[in-house]
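Protein chains in written order, with our numbering: chain A, 1 to 101; chain B, 102 to 202; chain C, 203 to 367; chain D, 368 to 532.
No lab work stands behind these hints: they were computed from the structure. Wrong hints could be hidden among the right ones.
As the list claims (entries may be wrong) - Simulated pairs of lysine to any residue, SDA-like, Cα-Cα distance not exceeding 20 Å: (1) B:Lys145 <-> B:Gly170; (2) B:Lys192 <-> D:Leu479; (3) A:Lys36 <-> A:Leu101; (4) A:Lys91 <-> A:Ser72; (5) A:Lys65 <-> C:Lys310; (6) B:Lys137 <-> D:Glu492.
As the list claims (entries may be wrong) - Some chain C residues well away from chain D (every beta-carbon gap over 12 Å; in silico): (7) Ala225; (8) Glu280; (9) Thr290; (10) Ile296; (11) Thr304; (12) Pro305; (13) Pro308; (14) His333; (15) Pro349; (16) Asn350; (17) Pro359.
Idealized CB from N, CA, C, for every residue including glycine.
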Amino acid sequence: MLTPYEVTLDNNATVLTVRGSLDINTAPALAEEIDKIIEAKPDKITVDLSTLELIDSSGVAALVKLYKGIRSTGGNIGFSGAKDQPLAIFKLLRMDRVFDL
Amino acid sequence: MLTPYEVTLDNNATVLTVRGSLDINTAPALAEEIDKIIEAKPDKITVDLSTLELIDSSGVAALVKLYKGIRSTGGNIGFSGAKDQPLAIFKLLRMDRVFDL
Amino acid sequence: MHEKVPERIWLTIPGALRYRAVAVRVVAEAARLVSGSARHDEHDLDEHDVRDPFDTAVVSAFMEIFNNVAIHAYHRDEAGRIEITITTRERELIIELADTGTPFDPRKVPELPNATELDIAALPEGGMGLHIAKSMLDDVSYQPGPPNKWRLAKRLPPTTQIARS
Amino acid sequence: MHEKVPERIWLTIPGALRYRAVAVRVVAEAARLVSGSARHDEHDLDEHDVRDPFDTAVVSAFMEIFNNVAIHAYHRDEAGRIEITITTRERELIIELADTGTPFDPRKVPELPNATELDIAALPEGGMGLHIAKSMLDDVSYQPGPPNKWRLAKRLPPTTQIARS
Ligand SMILES: Nc1ncnc2c1ncn2[C@@H]1O[C@H](COP(=O)(O)OP(=O)(O)O)[C@@H](O)[C@H]1O
Ligand SMILES: Nc1ncnc2c1ncn2[C@@H]1O[C@H](COP(=O)(O)OP(=O)(O)O)[C@@H](O)[C@H]1O
Chain A
1 MLTPYEVTLD NNATVLTVRG SLDINTAPAL AEEIDKIIEA KPDKITVDLS TLELIDSSGV
61 AALVKLYKGI RSTGGNIGFS GAKDQPLAIF KLLRMDRVFD L
Chain B
102 MLTPYEVTLD NNATVLTVRG SLDINTAPAL AEEIDKIIEA KPDKITVDLS TLELIDSSGV
162 AALVKLYKGI RSTGGNIGFS GAKDQPLAIF KLLRMDRVFD L
Chain C
203 MHEKVPERIW LTIPGALRYR AVAVRVVAEA ARLVSGSARH DEHDLDEHDV RDPFDTAVVS
263 AFMEIFNNVA IHAYHRDEAG RIEITITTRE RELIIELADT GTPFDPRKVP ELPNATELDI
323 AALPEGGMGL HIAKSMLDDV SYQPGPPNKW RLAKRLPPTT QIARS
Chain D
368 MHEKVPERIW LTIPGALRYR AVAVRVVAEA ARLVSGSARH DEHDLDEHDV RDPFDTAVVS
428 AFMEIFNNVA IHAYHRDEAG RIEITITTRE RELIIELADT GTPFDPRKVP ELPNATELDI
488 AALPEGGMGL HIAKSMLDDV SYQPGPPNKW RLAKRLPPTT QIARS
């Protein structure tokens, strides 16, 4: 199974790249990674959604959890690159403004 | 519908690029193009199969027709780049040797 | 253009999340047959897959309803089946699902709170599925059973050009 | 590893070439469930789709058999249906097709001549379909009807590792 995400460090900023389909089948693996990221309390994290092709409500829940976790420790989180079906879902849920998409 | 082929001229050699799926649904369009190519009696033609992902017997028939048509007028024809499922089909039909793949 | 005779696809699969990809592929292709974005390219149900807004809406809604049946009606036990009937018309797609799992009363499901820019805590981490499905489609109805029956319908907006003849 | 209970997918579609993509997608996904190359990625039934030799063989054979039913049994008239039953076992995939079109006698179909390097004229431009299907699978059988019934079977070779648990 294709790993749906990748965590990299880019100039001291954590970058989480989410790929392919983030859904009920793939979100649990990402949720584990998200717990680790939140625990590390990064100052700044960017979530790259430019290669995310499909998302369902489980995937959205995982991203919301990350957003809340980072913000609750005073960190900065930015989302970038959402398009097509994922962007339509974020807009529908009015998360495009919160996520600053 | 995605065009399954493209004809280009590269240093005086005709290049036919066949993309995606060459099958019962897409082969008829290519067959028309093949008739035109054969009529033009090119000295040399290269068929680029590197972006061909799927082929069925209708697709193979179209390529055989092209091969025979070019050879019957003394022209040169080369195939390149076949992989995965199409390569498996050419091998099964023992056309990998004829087509020099 | 004459009204096309409705055509049907019947698909029955185990009510397990593992099989969702099978169903989503069929639904996506059926959506493309209606929206005219079909490419007859079996290899290419891919990243470019659900770009058309009609296809996007249908696939998004269907994924949520399927998840719910596998999780809430069948409690992830993978024992039951899901029967899916897809009807494609000239400008409309209808998807019916039937399952023999636990029924529920949709009126008792709380509404999703509205997320606002500054109210981070209000961002939902669940309960979005039915909202997504209802918002994306023209019609979502549920009839408790067994069998429990879902009916999802989406029409092409009048402005959309039909690409195929 | 314990033997998995066989699971079934039933798919009924119009016997038209336009619907082949729907069936191929389901068959490809079922093949992946057996071969272990499934990725649970609905977006990604794409160019990387049929790389696994098992999936390649199954999809190649199925396309030919489906074409033949739509063309030879149903004469491209798109009026009939094709019922497809897919059984996935731990290491085997069985695809059954039923149609109500014109039956035929496979023994009367001439064998495909062997293409040799220098004999260009002998390269076939037709009659390759059944040869491809038989060569790619472990078992191809046909029972004239109506309904006419095809049974296609492919087993995983013993050396292939199963990727999923
Ligand atoms: N098919 C179903 N069968 C039984 N209960 C369901 C079904 N679909 C939804 N529900 C109920 O409705 C609630 C809301 O569903 P949904 O909006 O999809 O959010 P979520 O699944 O995240 O809870 C579920 O928690 C469940 O109690
Ligand atoms: N499902 C079918 N129903 C009726 N006739 C068939 C069927 N499949 C194959 N045939 C017959 O067998 C012949 C060989 O089929 P095939 O090897 O697929 O090559 P082709 O379809 O190119 O002729 C066909 O021409 C047709 O006469």
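Quick rundown of the hints versus the structure:
Of the supplied pair hints, the one linking Lys145 of chain B and Gly170 of chain B holds, its CA atoms being roughly 12 Å apart against a limit of 20 Å. For the suggested pair Lys192 of chain B and Leu479 of chain D, the alpha carbons sit about 15 Å apart, so the restraint of at most 20 Å is met. A C-alpha spacing of about 24 Å is found between Lys36 of chain A and Leu101 of chain A, which places the hinted pair above 20 Å, so the restraint is violated. For a cut-off of 20 Å, the pair hint linking Lys91 of chain A to Ser72 of chain A is broken: about 23 Å separates their Cα positions.
Between Lys65 of chain A and Lys310 of chain C the CA atoms are separated by roughly 25 Å; this puts the pair beyond 20 Å, and the hint is violated. As the CA atoms of Lys137 of chain B and Glu492 of chain D are separated by approximately 18 Å, the hinted pair is consistent with the 20 Å bound. Listed as outside the interface, Ala225 of chain C is inconsistent with that label: its C-beta sits roughly 9 Å from the nearest C-beta of chain D, within the 12 Å cut-off. Annotated as non-interface, Glu280 of chain C brings its C-beta within 12 Å of a C-beta of chain D; the closest such distance is 9 Å.
With 12 Å as the threshold on Cβ separation, the claim that Thr290 of chain C sits away from chain D is violated: the shortest Cβ distance comes to roughly 9 Å. Non-interface status of Ile296 of chain C relative to chain D is upheld: no Cβ of that chain comes within 12 Å, the nearest being about 16 Å off. Every CB of chain D is more than 12 Å from the CB of Thr304 of chain C (nearest about 22 Å), matching its label as outside the interface. Consistency note on Pro305 of chain C: stated as away from chain D, and its beta-carbon is indeed over 12 Å from all of that chain's, at 23 Å minimum.
With a closest Cβ-Cβ approach of about 25 Å to chain D, Pro308 of chain C is found to remain outside the 12 Å limit, as its non-interface label requires. Chain D leaves His333 of chain C outside its interface by the beta-carbon criterion, the shortest separation being 21 Å against a cut-off of 12 Å. With a least beta-carbon separation of about 15 Å from chain D, Pro349 of chain C lies farther than 12 Å from that chain, consistent with its non-interface assignment. With 12 Å as the threshold on Cβ separation, the claim that Asn350 of chain C sits away from chain D holds: the shortest Cβ distance comes to roughly 19 Å.
Distance check for Pro359 of chain C against chain D: the nearest CB is about 23 Å away, which clears 12 Å, and the non-interface claim stands.
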